[in-house]
Amino acid sequence: MTATLSQPEVGRARLRKEDVRLITGRTQWTDNIALPGMLHLAILRSPVAHARISRVEVTEALSRPNVVAAFTGADLGERQASLPCAWPVTEDMVHPDHLPLAVGEVRHVGEPVAVVVARDAASAVDALEAIDVEYEPLPVVLDMEEALAEGAPLVHADKGTNKSFTWVFDSAEAGTGGAVADAQAQAEVVVRRRYVQQRLIPAFMEPRSVVVNPGPGEWTMWSATQIPHILRLMLALLTGVPEHQIRVIAPDVGGGFGGKLQVTPEEMITFFAAERVGRPVKYTETRSDTMVSAHHGRDMIQDLTLSARRDGTVTGLDVKLLSNMGAYLGLVTPGVPILGAFMYNAIYKFPAYRFECSGVFTNTTRTDAYRGAGRPEATYAIERVMDELAVELGLDPMEVRRRNWIRHEEFPFTTVAGLVYDSGNYEAATDKAMSLFGYDELRAEQAARRSSGDPVQLGIGISTYTEMCGLAPSRVLGALRYGAGGWESASIRMLPTGKVEVITGTSPHGQGHLTAWSQIVADQLGVAFEDVEVRFGDTRVSHKGLDTYGSRSLAVGGIALVQACDKVVAKARTVAAHLLECSPDDLEFSAGTFRVRGTPEAAKSIADCALAVFAAHNLPDGVEPTLDSDATFDPQTFSFPHGTHLCATEVDTETGTVNIRRYVCVDDVGRVVNPLIVEGQVHGGVAQGIAQALFEEAVYDADGNLLTGSFVDYTLPSAADLPDIETDRTETPATSNPLGVKGVGEAGTIAATPAVVNAVVDALRPYGVNDIRMPCTPERVWRAIQEARP
Amino acid sequence: MARISVTVDGVAYADDVPPRTLLVHYLRDQLGKVGTVVGCDTSNCGACTVLMTDPQGEPRAVKSCSVLAVQADGAAVTTVEGLAGPDGQLHPMQRAFHERHALQCGFCTPGMIMAAVDLVREVPEPTPEQVRKGLEGNLCRCTGYQNIVRAVIDAAGQMRGGAAVPPPEAAVAGGNGPAPAQPATQPVPVAAEAAS
Chain G
1 MTATLSQPEV
11 GRARLRKEDV
21 RLITGRTQWT
31 DNIALPGMLH
41 LAILRSPVAH
51 ARISRVEVTE
61 ALSRPNVVAA
71 FTGADLGERQ
81 ASLPCAWPVT
91 EDMVHPDHLP
101 LAVGEVRHVG
111 EPVAVVVARD
121 AASAVDALEA
131 IDVEYEPLPV
141 VLDMEEALAE
151 GAPLVHADKG
161 TNKSFTWVFD
171 SAEAGTGGAV
181 ADAQAQAEVV
191 VRRRYVQQRL
201 IPAFMEPRSV
211 VVNPGPGEWT
221 MWSATQIPHI
231 LRLMLALLTG
241 VPEHQIRVIA
251 PDVGGGFGGK
261 LQVTPEEMIT
271 FFAAERVGRP
281 VKYTETRSDT
291 MVSAHHGRDM
301 IQDLTLSARR
311 DGTVTGLDVK
321 LLSNMGAYLG
331 LVTPGVPILG
341 AFMYNAIYKF
351 PAYRFECSGV
361 FTNTTRTDAY
371 RGAGRPEATY
381 AIERVMDELA
391 VELGLDPMEV
401 RRRNWIRHEE
411 FPFTTVAGLV
421 YDSGNYEAAT
431 DKAMSLFGYD
441 ELRAEQAARR
451 SSGDPVQLGI
461 GISTYTEMCG
471 LAPSRVLGAL
481 RYGAGGWESA
491 SIRMLPTGKV
501 EVITGTSPHG
511 QGHLTAWSQI
521 VADQLGVAFE
531 DVEVRFGDTR
541 VSHKGLDTYG
551 SRSLAVGGIA
561 LVQACDKVVA
571 KARTVAAHLL
581 ECSPDDLEFS
591 AGTFRVRGTP
601 EAAKSIADCA
611 LAVFAAHNLP
621 DGVEPTLDSD
631 ATFDPQTFSF
641 PHGTHLCATE
651 VDTETGTVNI
661 RRYVCVDDVG
671 RVVNPLIVEG
681 QVHGGVAQGI
691 AQALFEEAVY
701 DADGNLLTGS
711 FVDYTLPSAA
721 DLPDIETDRT
731 ETPATSNPLG
741 VKGVGEAGTI
751 AATPAVVNAV
761 VDALRPYGVN
771 DIRMPCTPER
781 VWRAIQEARP
Chain E
1 MARISVTVDG
11 VAYADDVPPR
21 TLLVHYLRDQ
31 LGKVGTVVGC
41 DTSNCGACTV
51 LMTDPQGEPR
61 AVKSCSVLAV
71 QADGAAVTTV
81 EGLAGPDGQL
91 HPMQRAFHER
101 HALQCGFCTP
111 GMIMAAVDLV
121 REVPEPTPEQ
131 VRKGLEGNLC
141 RCTGYQNIVR
151 AVIDAAGQMR
161 GGAAVPPPEA
171 AVAGGNGPAP
181 AQPATQPVPV
191 AAEAAS
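Protein sequences, first through last, are from chains G and E.
When the letters of the first sequence are read in order and numbered with our numbering, they come out as residues 1 to 790.
When the letters of the second sequence are read in order and numbered with our numbering, they come out as residues 1 to 196.
The calculated label-pair distances, taken between Cβ atoms and stated as ranges, are: (1) E:K133 - G:K567: 50 to 58 Å; (2) G:Q636 - E:G85: 48 to 56 Å; (3) E:V123 - G:R402: 45 to 53 Å; (4) G:R192 - E:E136: 39 to 47 Å; (5) E:E136 - G:V196: 26 to 34 Å.
Stretches of chain G that chain E covers, calculated by requiring three or more beta carbons in the stretch to come under 8 Å of a beta carbon on chain E: (6) 28-42; (7) 252-258; (8) 284-294; (9) 711-717.
Simulated from the structure, these hints should not be mistaken for lab results.
By construction, the Cβ of each residue, glycine as well, lies at the ideal position given by its N, Cα and C atoms.
In isolation and in its complexed conformation, chain G is listed as follows (with noise of 0.2 Å):
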């Protein structure tokens, strides 16, 4: 019945079967949903960055045609309450109010004011004329160090503060390491540097989305979410349904990317929209809306002061750091941040470390998850001032990064952040990227170039990352003050014929679970990869889970999966050694059947234990006819994937073009389950981190309005902006899960943005440039060059 595997599916890069559907057009967006009676929603969003809303007039809009309803935030009163934030990151952080419906006061442009609900979408939008709305202009503040000082203008003015908090990780005091103003007092060098990241928009391809269908009895959300099941519990919370009937559904949802990581106010206005007419809703945003409204990333200010010994040695390092909350905290706005806490001191053994942050609230729109989330961010900022401490001291930049990694026999190592990383080998990945890339070949044609004073310069960027990802221990994350935890869920159904039904509390936007998840049960059940399917994304099915985001759906997720799989083997095991009357304890499972030990013609598949527990004729005394389990696994630590990423720029010094010519990365992402879905994405990864150093930026003009508010100013790249990335990987297995794997999506994103930031200021140290403020546009480089001429 069940196909006798030849090799293993872990390992194998097997083609998705998430793909067919996809690429014939039979998908199920959430605009694509349509139900009986359903009526469209439009929202009229703020045009100013902050004002007092003195009158807000729907009746006109009313009385246009196909009009249903219409309404504000003040017509809402008690029913809608604050959109949460989970991740209160200090016990005095300021946490003002958010109401999907502004009430009295908008703080950024967008912000939703009115809704229409008509018959069709484009009754809704042409209804939102006639809605009359006075807005009494109040003072803007947006940039963060103008929002701190002495008598600014107040996004909340009832909190008399723009900051949200300040939070605080110091070596000494955490009894991880030394003191970093003793590190400073003793150093030989001291590296003082500003990087600026600036806001990034996710941009994930599909606009969001959401239906309701009102109860009573069953209330329905489809959303385009990263979250069903985070956001059927706090649309719980929020509104007093009670849990046990919504039911989210996120059926395909087209990229996420942090993004939809997210309880939106349109979700939210749409699930009331849907409660007054007592019918369903639909809401589909805009791209416009998407910019405007739909949460940004980065936009970060980072002070780092390096101390070291003129061998390069580093000896300490302190992080000073504002972070952007935007007007409002979202689901994890203060924690994002927090994340990059950990991960300033890298793959570095630096004996004394310090991070302070403060969130700053400013008229723009709300910052939160974006890929990566805090680690790209302390990536860039610790590998950027690594090469300037090489500078420093007339050093290789990658021996400067020798001297201070951990060697791979040190593992496992507690780090000065106190993290404890399990597996690593910096120097098998680096020197694999050395030798892909020629680096001395490469080393020895800048020079040329620089003696022979070409216009067009080489530069040499080097990156060698870890993160700290597969999110993650509950313990921990109840330390840091999250709202959750971070175990994730699995079961398994054994079905009469065989097949096998998969039901995981992740959910994918583009992952490829459905092919990985079935590679891993093949393997641990023993049957045929065509044999299993994987259910998730509606609570009705998925009854538990954590979702997708922070690289954690194997990680976490995959191994759930693995538990889940050993207690259905487990009974099996007593079914069939009922069947075949010996002790399980003679049983040998492997490749779907279990055979008696020293009789190997005695044997029975599990299909067979399945067959066996669904007619239920002959089971032993107390086992019940079914061969389902369910697991949950909570990590006892994070995972931690590393690698070596090398890029080559060359860069047009009379017009300030940056062109890169190579791009090798080697990631260690621990065991490969699929390697095909690793490639893309580490393609994926690169590519998004290329676009932050030299491409994308979000831009508000001095009252607060988004000058990237589409795609044609948010210059998300193109096939014809990007190269071809050459990858490959080592592979230490992770010793923290029974896998071995590690996670894999942000990586990419993590390495690649310092690794060409650094090759574009590389090109350029001969014109006296020691950095360029991303994103690297022609523009700024070229700017950069004529300032740094003396």
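Using the hints, position chain E against chain G.
Using the frame of chain G, we list chain E on its own:
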């Protein structure tokens, strides 16, 4: 209302549409052709790309968010739903996207595939650079485009009647079980090989 006659994926339709209706909304909302999607409102992303016959009857890629439904009057439109053969056999471009892992979330994929089909019609033997430039009007946030370039070049070969490319699946050394750090072989030919 304006009366239009348009053939979509081989089926002839006659409909009254408000004159301002965009072709993509006609396809999605009136015909239920929801395989074609809207990704932006400035015709930058190309997710809505379909083929529409020009006055000479030649199918050309258009961004259906930038075409009025009334402009499609008399034309034949092919969406991603109509690309496979009548027996469901995938078009070489669809097959190549699958075999080269040229999609992740899949939202840009319908438009990317249709634009790529048009590109290969114009340039039957494209170089990687020509593919990259030719697909400039189609944005993807997941893949970094590299596997899309591989897929288009593979499909172009098939569409010219070239030999089938070997499937990319390959065993991976060092991929199983706890083992000391060791190199893994490349699972997929690098782009340079794919280009040959």
